[in-house]
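Chemist: These are the residues of each chain, in order.
2 protein chains.
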Amino acid sequence: MAASSACWFEMAQSSCDLCVRDGGEPIVRKDKLRIVRVDDAAFPAFYRVIWNTHVCELSDLATSDRQACIEAVVTVERVLRAQLRPTKINLASLGNMVPHLHWHVIARFEWDSHFPHPVWGVAQRAVDPSPRSRLPVTLDGLDLAIRSAFD
Amino acid sequence: MAASSACWFEMAQSSCDLCVRDGGEPIVRKDKLRIVRVDDAAFPAFYRVIWNTHVCELSDLATSDRQACIEAVVTVERVLRAQLRPTKINLASLGNMVPHLHWHVIARFEWDSHFPHPVWGVAQRAVDPSPRSRLPVTLDGLDLAIRSAFD
Numbered sequence: 009m010a011a012s013s014a015c016w017f018e019m020a021q022s023s024c025d026l027c028v029r030d031g032g033e034p035i036v037r038k039d040k041l042r043i044v045r046v047d048d049a050a051f052p053a054f055y056r057v058i059w060n061t062h063v064c065e066l067s068d069l070a071t072s073d074r075q076a077c078i079e080a081v082v083t084v085e086r087v088l089r090a091q092l093r094p095t096k097i098n099l100a101s102l103g104n105m106v107p108h109l110h111w112h113v114i115a116r117f118e119w120d121s122h123f124p125h126p127v128w129g130v131a132q133r134a135v136d137p138s139p140r141s142r143l144p145v146t147l148d149g150l151d152l153a154i155r156s157a158f159d
Numbered sequence: 009m010a011a012s013s014a015c016w017f018e019m020a021q022s023s024c025d026l027c028v029r030d031g032g033e034p035i036v037r038k039d040k041l042r043i044v045r046v047d048d049a050a051f052p053a054f055y056r057v058i059w060n061t062h063v064c065e066l067s068d069l070a071t072s073d074r075q076a077c078i079e080a081v082v083t084v085e086r087v088l089r090a091q092l093r094p095t096k097i098n099l100a101s102l103g104n105m106v107p108h109l110h111w112h113v114i115a116r117f118e119w120d121s122h123f124p125h126p127v128w129g130v131a132q133r134a135v136d137p138s139p140r141s142r143l144p145v146t147l148d149g150l151d152l153a154i155r156s157a158f159d
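Top line first, the protein sequences correspond to chains A and B.
Letter by letter, the first sequence follows residues 9 to 159 of the numbering used here.
Letter by letter, the second sequence follows residues 9 to 159 of the numbering used here.
The hints are simulated quantities; they were obtained by calculation from the structure and are not laboratory data.
Here the structure is a predicted model, which is why all the values come from computation and not from measurement.
Don't take each hint at face value.
Stated by the list, open to error - Restraint-style ranges between C-beta atoms, simulated for each label pair: (1) B:R142 / A:P137: 40 to 48 Å; (2) B:A70 / A:F158: 19 to 27 Å; (3) B:A157 / A:L147: 39 to 47 Å; (4) B:D136 / A:V46: 29 to 37 Å; (5) A:T61 / B:A157: 25 to 33 Å.
Stated by the list, open to error - Only pairs whose alpha carbons sit at most 20 Å apart, straight line, appear in this in silico SDA-like list of lysine to any residue: (6) B:K40 / A:Q75; (7) B:K38 / B:V28; (8) B:K40 / B:R29; (9) A:K40 / B:Q75; (10) B:K38 / B:D151; (11) B:K40 / B:A157.
A virtual CB, placed ideally from N, CA and C, is assigned to each residue, including glycine.
Sequences and hints are given; from them, build the entire structure.
Modeler: This is the structure in structure tokens:
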């Protein structure tokens, strides 16, 4: 394998968490990718776009697959914006712990526990009432809107 | 402006830091986007792809512009992989503090101060000798490789 396309982890596909588990609550299943919702009380509108086959980095995908992956991310982003009017959308492909291509798509609000810092930083405030109760739609409604966007 | 495309910040373009400043050491300037290197001692191989015009979210771009933006991110990613053989590439579009579309492209290493956590989290270890001295190429060499990839 060429140096630039190698995955610098000694992680066999068989031991990759995203090869053997959904990685969250399944919302949409497509041939090449899936959308799951992450169960995070602090950030209830938190979805992942997960590429089904095991690749480590975005640049490992062929151009057409990369476009399909990003358009799926953007479709989730559009639904979150339309349904929630968040302060900001956060997108990230990190994979330091699970080097299997997946995108975090997170609706952020000025009132959330970490804003304006990334969700991976230090909490800035306690949030009460709960983040989930502050959303203008239910998570079931949000999931449904995402499913509809992929129909 | 339609609800789904509005920017939920009361930030006039004239007060946007990325509308008035480069946002880092300029490496590549193109009509629609620029590449800058971030001066971060802990993460020396840290670049940003910044869309030149003021848009808040990836979904605000037309499809062809979005593809151009992502292909620029991927081009930087490819150079970092080829030149540095990092443990992982981290990509993120956050913009909570500066809601002007920009992508962080960061080469991560198992030895870096925060690995396997995101760079925005809590440091896991002290790093000595310096991160910059551990890279297999100089930053000038890395900048040059990125410039060449955009020629």
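Chemist: Decide, hint by hint, whether the structure agrees.
Modeler: Hints versus structure:
1. Against the hinted window of 40 to 48 Å, the Cβ-Cβ separation of B:R142 and A:P137 comes to about 47 Å, which satisfies the hint.
2. The given range of 19 to 27 Å is respected by B:A70 and A:F158, whose C-beta atoms sit roughly 21 Å from each other.
3. Against the hinted window of 39 to 47 Å, the Cβ-Cβ separation of B:A157 and A:L147 comes to about 42 Å, which satisfies the hint.
4. A C-beta distance of roughly 36 Å is found between B:D136 and A:V46, which places it inside the suggested range of 29 to 37 Å.
5. At roughly 26 Å, the beta-carbon separation of A:T61 and B:A157 lies within the given 25 to 33 Å, and the hint holds.
6. As the CA atoms of B:K40 and A:Q75 are separated by approximately 19 Å, the hinted pair is consistent with the 20 Å bound.
7. A hinted pair counts as satisfied when its Cα atoms are at most 20 Å apart, and B:K38 with B:V28 qualifies at roughly 16 Å.
8. A C-alpha spacing of about 15 Å is found between B:K40 and B:R29, which places the hinted pair at or below 20 Å, so the restraint holds.
9. Straight-line distance between C-alpha atoms of A:K40 and B:Q75 comes to about 19 Å, which keeps the hinted pair within the 20 Å bound.
10. With a CA separation close to 15 Å, the supplied pair B:K38 and B:D151 stays within the 20 Å bound.
11. For the given pair, B:K40 sits about 16 Å from B:A157 by alpha-carbon distance, which is consistent with the 20 Å threshold.
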